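K.L.:
Here is what each chain is made of, one letter per residue.
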Amino acid sequence: EPEVTQTPSHQVTQMGQEVILRCVPISNHLYFYWYRQILGQKVEFLVSFYNNEISEKSEIFDDQFSVERPDGSNFTLKIRSTKLEDSAMYFCASSVPLGPGSLSTDTQYFGPGTRLTVL
Amino acid sequence: LAKTTQPISMDSYEGQEVNITCSHNNIATNDYITWYQQFPSQGPRFIIQGYKTKVTNEVASLFIPADRKSSTLSLPRVSLSDTAVYYCLVTGRGAGSYQLTFGKGTKLSVIP
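Chains as they are written, first to last, in my numbering: chain S, -10 to 108; chain P, 1352 to 1463.
The shape of chain S in the complex, shown without the other chains (with noise of 0.2 Å):
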């Protein structure tokens, strides 16, 4: 069955450094997303990519986050200057928009997640 991957698993990172987070969403499909999870709390949505710009974005996401698809196949999130409050599971998630008279919403399939410590 089709996946949703990600790297690193683990990231360690000083704060004020920029990281990159990668997915690779499951192949066929043309909607994007990243989630972030602070430990204990519940999952947020971040942002969602779709024909190669962002269509939503949440307050969460600001200036210092950045969305980009560099090929066919990878989507990442990158952090520009990390701060402590940035320390969460990062899950990317993949959808395939679905066509006028479908009976039902999309289905988003989640990646194994990153957990980004910051220090």
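Since the hints were made in silico from the structure, they are not lab data.
Being a predicted model, the structure only gives us computed values, none of them experimental.
Any given hint might turn out to be false.
In silico DSS-like links for lysine-lysine, alpha-carbon gap of 25 Å or less [what the hints assert, rightly or not]:
1. K72(S) to K31(S)
2. K1354(P) to K46(S)
3. K46(S) to K1455(P)
4. K31(S) to K1455(P)
5. K31(S) to K1458(P)
6. K1403(P) to K1354(P)
7. K1420(P) to K1354(P)
8. K1455(P) to K1403(P)
9. K31(S) to K1354(P)
10. K1420(P) to K31(S)
Fit chain P to the known structure of chain S by using the hints.
P.N.:
Relative to chain S, chain P alone:
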């Protein structure tokens, strides 16, 4: 999107059927009900989705009454590996916007 309310936690013995009820009083006509499962340190995993009446797959059943103001996820004969957090989400079909809004979920603990 409609707010959802579900129990914070539930305990069950192995082999029992578990029913987790979620209320979504303000669900809109075009909204669907979707359940995800999350194990510790893993990403959420889609379990089941429905619009009305009953939906069943190899993992669970989803019961939705006619007024759609609540839904019940039913897990038959749970095992220890079903210990996880279960999220009830209301998902709309807004064009170009597929953001999922997770609540705190229900932490299910299966006891041997």
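K.L.:
All hints are to be evaluated individually against the structure, with a verdict given for each.
P.N.:
Tested hints:
| no. | hint | result |
| --- | --- | --- |
| 1 | K72(S) to K31(S) | 19 Å, holds |
| 2 | K1354(P) to K46(S) | 20 Å, holds |
| 3 | K46(S) to K1455(P) | 21 Å, holds |
| 4 | K31(S) to K1455(P) | 6 Å, holds |
| 5 | K31(S) to K1458(P) | 12 Å, holds |
| 6 | K1403(P) to K1354(P) | 18 Å, holds |
| 7 | K1420(P) to K1354(P) | 11 Å, holds |
| 8 | K1455(P) to K1403(P) | 24 Å, holds |
| 9 | K31(S) to K1354(P) | 14 Å, holds |
| 10 | K1420(P) to K31(S) | 23 Å, holds |
Violated hints are absent here; each numbered hint is respected by the structure.
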